[in-house]
Every structure is written in structure tokens, then in C-alpha cells.
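Q: Chain by chain, the residues:
There are 2 protein chains.
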Amino acid sequence: MVGQVGTFEHQGHVIALSGGVGGAKLSLGLSQILAPGQLSIVVNTGDDFEHLGLPISPDVDTTLYTLGNVQNPETGWGRENESWACLETLEELGGDTWFRLGDRDIATHLLRLSLLKEGKSLSEATASLAKALGIGHAILPMSDDPVRTFVTTPDGDLPFQEYFVKLQCAPEARSFRFEGIGTARPSAGFQSGLDDPSLSGVVICPSNPFVSVDPILDLPGIRQKLKQDHVKVIAVSPIVGGQALKGPAAKMMAELNIPASPSSVADHYRNILSGFVIDSVDADQAGIIESTHNIPVLVCNTVMKDLESKTALAKDTLQFLSTL
Amino acid sequence: MVGQVGTFEHQGHVIALSGGVGGAKLSLGLSQILAPGQLSIVVNTGDDFEHLGLPISPDVDTTLYTLGNVQNPETGWGRENESWACLETLEELGGDTWFRLGDRDIATHLLRLSLLKEGKSLSEATASLAKALGIGHAILPMSDDPVRTFVTTPDGDLPFQEYFVKLQCAPEARSFRFEGIGTARPSAGFQSGLDDPSLSGVVICPSNPFVSVDPILDLPGIRQKLKQDHVKVIAVSPIVGGQALKGPAAKMMAELNIPASPSSVADHYRNILSGFVIDSVDADQAGIIESTHNIPVLVCNTVMKDLESKTALAKDTLQFLSTL
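Same order as they appear, the protein sequences are chains P and X. Under the working numbering, think of the first position of the first sequence as 1, with each following residue one higher. Under the working numbering, think of the first position of the second sequence as 325, with each following residue one higher.
Just so you know, these hints were derived from the structure itself, not from any lab. Honestly, I wouldn't trust all of these hints.
Unchecked claim - Using 25 Å as the maximum straight-line C-alpha spacing, the simulated DSS-like pairs for lysine-lysine come out as follows:
hint, chain 1, residue 1, chain 2, residue 2
1, X, Lys575, X, Lys490
2, X, Lys455, P, Lys117
3, P, Lys225, P, Lys166
4, P, Lys131, P, Lys120
5, P, Lys166, X, Lys441
6, P, Lys315, P, Lys305
7, X, Lys444, X, Lys455
8, P, Lys117, X, Lys441
9, X, Lys570, P, Lys120
10, X, Lys639, X, Lys570
11, X, Lys639, P, Lys117
12, P, Lys225, P, Lys246
13, X, Lys629, X, Lys639
14, P, Lys246, P, Lys315
15, P, Lys305, P, Lys246
What the hints assert, rightly or not - Which stretches of chain X does chain P cover? Using the computed rule of at least three CB atoms under 8 Å from a CB of chain P, they are:
hint, stretch
16, 360-370
17, 426-433
18, 451-465
We put the beta carbon where it would ideally sit given N, CA and C, even for glycine.
All chains should be built: construct the whole structure from the sequences, respecting the hints.
A: Shown next as C-alpha cells:
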């Protein structure tokens with residue numbers, strides 16, 4: 001299969017491993033230049049939890065809303081033109097309101113709830129929602145089995161959303177564990193993407209390495225598969241100029257006594273990378289990464305502020321992949 | 325226990341058997357003149373169903389919203405000042421929208437869903453919601469076990485909400501069945517109200533006899549209990565001047581070849597009534613009902629258009645009860 005935009009052309013199937021905002025942005029870019037059958041966006045579900053009886057899949061929804069072009073551009077989560085009557089009423093009734101579910105967002109959650117109650121898998125429910133949002137490209141939960149991320153802090157383990165949303169990432173992160181990871185199977189769509197003979201490569205999006213990408217990589221069999229010589233894996237650094245563009249990655253690195261740098265990200269993904277993409281502001285690190293890991297490094301603009309820059313990074317990344 | 329409003333005073337505990345709008349109106353009236361511990365409002369749950377994965381209890385919610393003074397006065401269901409962003413979005417996503425759940429109403433349903441998921445009973449969930457709405461009087465689902473009303477029509481059996489909401493009561497009703505009724509137990513609150521030595525009487529509210537009150541009466545043990553001599557039962561006719569003030573009761577009577585009259589309602593409740601309340605416009609039927617059933621009949625205004633008339637009917641009904 002060949003994807004073509006203007007003069008751009010890419011052969012084969014691409015798997016994107018993605019978390020929240022940064023991953024969804026690059027996924028949107030990839031969706032602009034790859035045909036629907038050419039792209040599998042595999043999304044972290046370690047952030048998933050149940051809240052108010054609703055099954056919440058934050059990273060899946062960020063991806064759905066971003067590719068469906070209904071995302072809230074200011075928050076990075078939820079839908080545009082959102083209203084809050086349900087949450088206001090919930091507050092009046094003394095319900096939990098720390099996790100912000102807008103009225104329109106709740107429609108997604110009710111559909112997911114009813115699909116799961118009908119016996120559909122999370123993959124099937126996600127496919128239905130994607131179709132309803134007019135999305136042609138495959139958005140695949142990393143697994144249909146529950147995996148739940150906990151952040152180990154000095155005061156004990158916190159469920160991820162409590163750490164991330166309720167406590168605004170304030171506690172010190174000492175380590176992370178993914179409950180259920182030992183028995184969770186990669187979703188059928190993820191697995192068949194990996195087994196696809198036309199797989200041209202795996203792109204690790206600029207998502208949080210510890211809590212967005214590691215749950216995907218830690219699924220049984222995934223690291224082994226990605227280490228195989230014929231599987232090309234490239235990662236785009238989520239750290240730019242010593243900062244994470246969004247989210248707690250840099251704060252986590254500081255707490256883990258790791259420098260917040262692209263080089264640390266490359267170290268984190270050691271043994272699975274065939275190539276690495278860093279931002280122009282970090283160009284000085286290209287040499288050390290290349291020599292340490294014996295992989296080529298692409299230096300380009302990785303900051304995706306509009307559709308043009310998302311598409312440009314997708315294009316740069318895939319062209320780089322083709323050279324490996 | 326003694327309830328007192330102005331010069332009104334009532335001794336003992338009262339159980340109201342109630343369905344939707346009419347029942348909730350009289351229940352509100354009763355709550356104005358009885359102390360919280362004196363009144364148990366037992367609500368039909370035969371209308372309950374699951375929709376979009378949410379547990380829906382229409383009659384319980386009508387009662388909650390009416391006593392909590394947040395009801396929508398125009399529709400007879402749902403909350404005042406409602407908005408519809410979730411339902412609009414659900415429609416865009418191709419979801420089911422025939423059952424109208426407003427954004428504020430959804431908050432109630434999410435709380436109920438989460439309480440049930442925590443292992444709470446419908447009674448406990450209802451008590452939590454009542455407390456959240458500032459309601460002091462007990463609102464009790466008739467049962468915590470599922471009972472589901474089906475309307476038998478020439479084209480087969482319809483789940484109640486499909487008949488009532490989706491098809492707007494258009495199909496001809498030939499009979500009714502209450503799935504699960506054989507094994508459903510009266511809720512603990514309902515049962516303890518019936519067993520309360522201070523029980524002064526049971527008021528059957530002006531609700532639909534076939535689909536609102538019969539599910540309550542058909543619960544195992546209830547009719548037998550109400551037939552006991554020491555249990556005084558009075559019903560307020562939901563039929564006034566040949567019409568139901570709300571809902572399909574008169575239409576159902578026509579389809580069942582029963583005259584739509586208070587007399588037919590008294591016939592329907594034969595053997596359990598100690599007294600019957602009819603509207604002044606039907607005064608001419610008092611004699612025939614008294615002689616047929618050998619019970620006294622109170623003739624008064626039963627049309628409840630404001631809080632004053634609700635309270636007045638409650639007062640008339642309880643004073644009548646005291647004379648039996």
C-alpha cells in the first residue's frame with residue numbers, strides 16, 4: 001500500500017505507539033499522509049479507569065477527538081464547545097467532580113459504556129466511536145484487557161488519574177507499575193499490525209516514556225518483537241530543550257534523577273530503536289546519541305503547533321524511517 | 325408519631341403507593357403534612373430499564389425531582405432548567421436518543437450507576453439521591469429486585485418504555501405482565517412500613533392502576549397483606565370525568581373494554597379497599613361504588629394543579645383515612 005500527499009509517498013504499514021496530546025498530534029499528522037489501511041494508531045490504556053460507573057479511556061479519547069477534529073485545543077483533553085451542566089448538577093448532588101467530564105464528552109462515555117455492556121471489546125467500542133466521528137484510520141487500544149498504571153510516591157501508590165488529574169502531578173514519582181500487564185494481551189489489531197508482512201516500521205510518538213509508552217512496550221511479547229532486526233522502530237523525543245511540551249515527563253525525569261534530555265529518552269528506549277528524532281534545539285545531542293546507541297538521529301522541528309507542522313513532522317519521520 | 329400542619333394532625337405511619345406524575349404530586353402533598361418518619365412513598369419500579377448502560381428508574385426520579393422541587397413542571401419528567409448537549413452529541417454519534425436524558429438528569433443517573441456499581445441496592449442509591457436533593461421523607465423503590473413491565477399488544481410484547489416513550493402509547497394494550505414479579509421481594513423499607521405497628525393506612529395514589537400500581541400490588545405477599553382487616557387502604561381515583569389527567573390509563577381502559585370511570589378503578593382494586601376518593605365531577609358515582617364495594621367514598625377536589633391543592637388533597641385523604 002502506498003500513501004501519497006503531494007510529492008510524499010510511503011510504502012507499507014506504519015504502527016504509531018501513542019499516549020495523550022503529543023501522540024495524538026503526531027498521529028493526526030501521520031493520518032494526513034498515510035492511507036487509512038496504512039496506519040495503526042496503538043494507544044495507551046494504562047490511564048484508563050472507571051469513574052462514576054463510566055469506562056474512561058483518556059488517551060483513546062484524546063486520539064479520537066484529535067483525529068475527529070472535535071478536540072478542545074486549549075485543554076488538550078475533552079471536546080470543543082463543551083458545556084458543564086451535568087458536572088454542575090453532580091456537584092450540587094455531592095458527586096465526584098475532580099475528573100472533568102463535559103456534557104458532550106459524556107455522550108462518548110455513554111456510547112462506550114453501552115457498547116461494553118453489550119459485550120463489545122474496547123477495540124470494538126473504539127472502532128464504533130471512530131466511525132461515528134468520521135475517522136478512517138485505525139485507532140487501537142493497546143489491549144482489550146485491563147492494565148492500570150499506578151505511580152509509586154513516597155506516600156504510597158496512586159492510581160494514575162488520581163496522580164495526574166486530582167493531584168495535578170504534585171506527588172514525587174519514584175516508580176511506576178502497570179497492574180494487569182503480566183496477563184494483558186496486545187489487542188488483536190495491534191498484534192496483526194505487528195505481524196503484517198508489509199510493516200514498514202513502528203513510530204514511538206512524542207508521548208511520556210514512563211506512563212504512556214512503557215505500558216505499551218511492557219505488554220507481553222512487545223519488546224521482544226520490537227527488538228527483532230527486521231522491525232524498524234523510531235522514536236520522536238517528547239523532551240525538547242529540557243522540557244516536556246505537555247505533561248509531567250520532565251518533572252518525572254528530575255524525580256528519577258535522570259536529566260530531562262532527548263539523550264535520556266533514547267537511553268530509556270535502548271535496544272529497540274533503529275533511529276531517533278530530536279528537535280533542532282537539541283541538535284547538539286545528536287552526536288552522543290548516535291555514538292551511544294549506534295543509531296542515526298534525525299534533527300528537525302518536532303514542535304507541532306498546527307496541522308502543517310504535525311504533517312511536516314509525520315513526513316520527516318516517515319522519510320527518515322524509509323532510509324533505515 | 326404525629327404530623328401537624330396548621331390545624332391538621334395525623335397519627336401514625338402512612339404508606340403511599342405511587343407511580344409517576346399523579347402519584348408524585350399526592351406524595352408531595354402528603355410530605356407537606358406528615359413528618360419525615362411518618363411517610364413511606366413506595367414507588368413503582370416496573371418502568372425501570374437500562375438505557376445506554378444507565379439504570380433508569382423513571383417513577384423514582386419523578387418522585388425525587390418532585391419532592392426535591394427540581395422537576396420540570398411542563399413535561400412531568402426530567403429536571404427544570406435542563407440542557408441537551410449530551411443528547412445532541414449522542415445523536416451526532418448515531419446513538420439512541422428516543423429516551424430523553426437531559427444533561428442535569430444524567431447526573432442523577434451517573435450517581436445511581438456508580439452507587440449500584442459499588443454494590444449499593446436501588447433503595448440505598450435512592451436514599452442517597454433523596455438526601456442529596458434535601459428530601460427528608462422516605463422514597464422507597466417497591467423492590468430492589470428487577471421487575472420489568474411488558475405491554476402485550478396485537479404485535480407482541482413491548483418493554484414498557486418502548487411502548488410509553490418510543491411509541492407514545494400508540495399500540496393497543498391487551499394486557500400487561502411484570503417480568504420477575506414472582507421472585508421479587510418488597511424492598512426492606514416497604515416491608516418494614518407494612519409491618520410497622522403504627523401503620524395508620526395505605527394510600528394508593530392517583531397513578532395508573534395497570535402499569536403503576538399493579539406491579540406494586542402484585543409483589544409476593546402484598547395483596548394478602550393489604551386485604552387484612554386491620555390494614556386500611558384507600559385509593560384516589562386517577563380517572564376524573566372519564567379521563568386520566570396524565571398518561572394512558574383511560575386509553576388502556578378503552579382498549580380493555582372497561583369504562584374509563586372511578587367506578588372501574590374501584591372495581592380494579594376490589595377486596596383491598598377500605599375507602600375510595602373520587603373527584604367532585606364524578607360525585608354521581610359515589611353511591612354505586614359505596615353499594616357495590618361496601619366502602620365509604622370521599623368526594624372532593626382531586627385535581628392537583630399547585631402545591632396548595634396537592635396539600636389539600638393529602639389532608640382530605642388522611643382525614644378520610646382517620647374516619648375508617
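Q: Does the alpha-carbon distance linking Lys455(X) and Lys117(P) stay inside the 25 Å limit?
A: Violated, at roughly 29 Å.
Q: With the threshold set at 25 Å, check whether the alpha-carbon distance from Lys246(P) to Lys315(P) stays at or below it.
A: 22 Å, holds
Q: Could you grab the alpha-carbon distance between Lys315(P) and Lys305(P) and see if it respects the 25 Å cut-off?
A: 15 Å, holds
Q: Does the alpha-carbon distance linking Lys305(P) and Lys246(P) stay inside the 25 Å limit?
A: 12 Å, holds
Q: Could you grab the alpha-carbon distance between Lys444(X) and Lys455(X) and see if it respects the 25 Å cut-off?
A: 15 Å, holds
Q: When I compare C-beta atoms, does the stretch 360-370 of chain X have three or more residues closer than 8 Å to chain P?
A: violated (count 0)
Q: For Lys575(X) and Lys490(X), compute the direct alpha-carbon distance and say whether it is at most 25 Å.
A: 17 Å, holds
Q: Is the listed coverage of the stretch 451-465 of chain X by chain P valid when you require three or more residues with a beta carbon under 8 Å from a beta carbon of that chain?
A: holds (count 3)
Q: Quickly compare the C-alpha distance for Lys629(X) and Lys639(X) to 25 Å and report which way the hint goes.
A: Since the Cα atoms of Lys629(X) and Lys639(X) sit roughly 15 Å apart, the hinted pair holds (cutoff 25 Å).
Q: Does the structure keep Lys639(X) and Lys570(X) at a Cα separation of 25 Å or less?
A: 22 Å, holds
Q: Quick one, are Lys166(P) and Lys441(X) close enough, alpha carbons at most 25 Å?
A: With Cα atoms ~21 Å apart, Lys166(P) and Lys441(X) stay inside 25 Å; holds.
Q: Assess, step by step, whether the Cα of Lys117(P) is no farther than 25 Å from the Cα of Lys441(X), and give holds or violated.
A: 13 Å, holds
Checked against the numbered hints above, the structure breaks hints 2, 3, 9, 11, 12, 16 and satisfies the rest.
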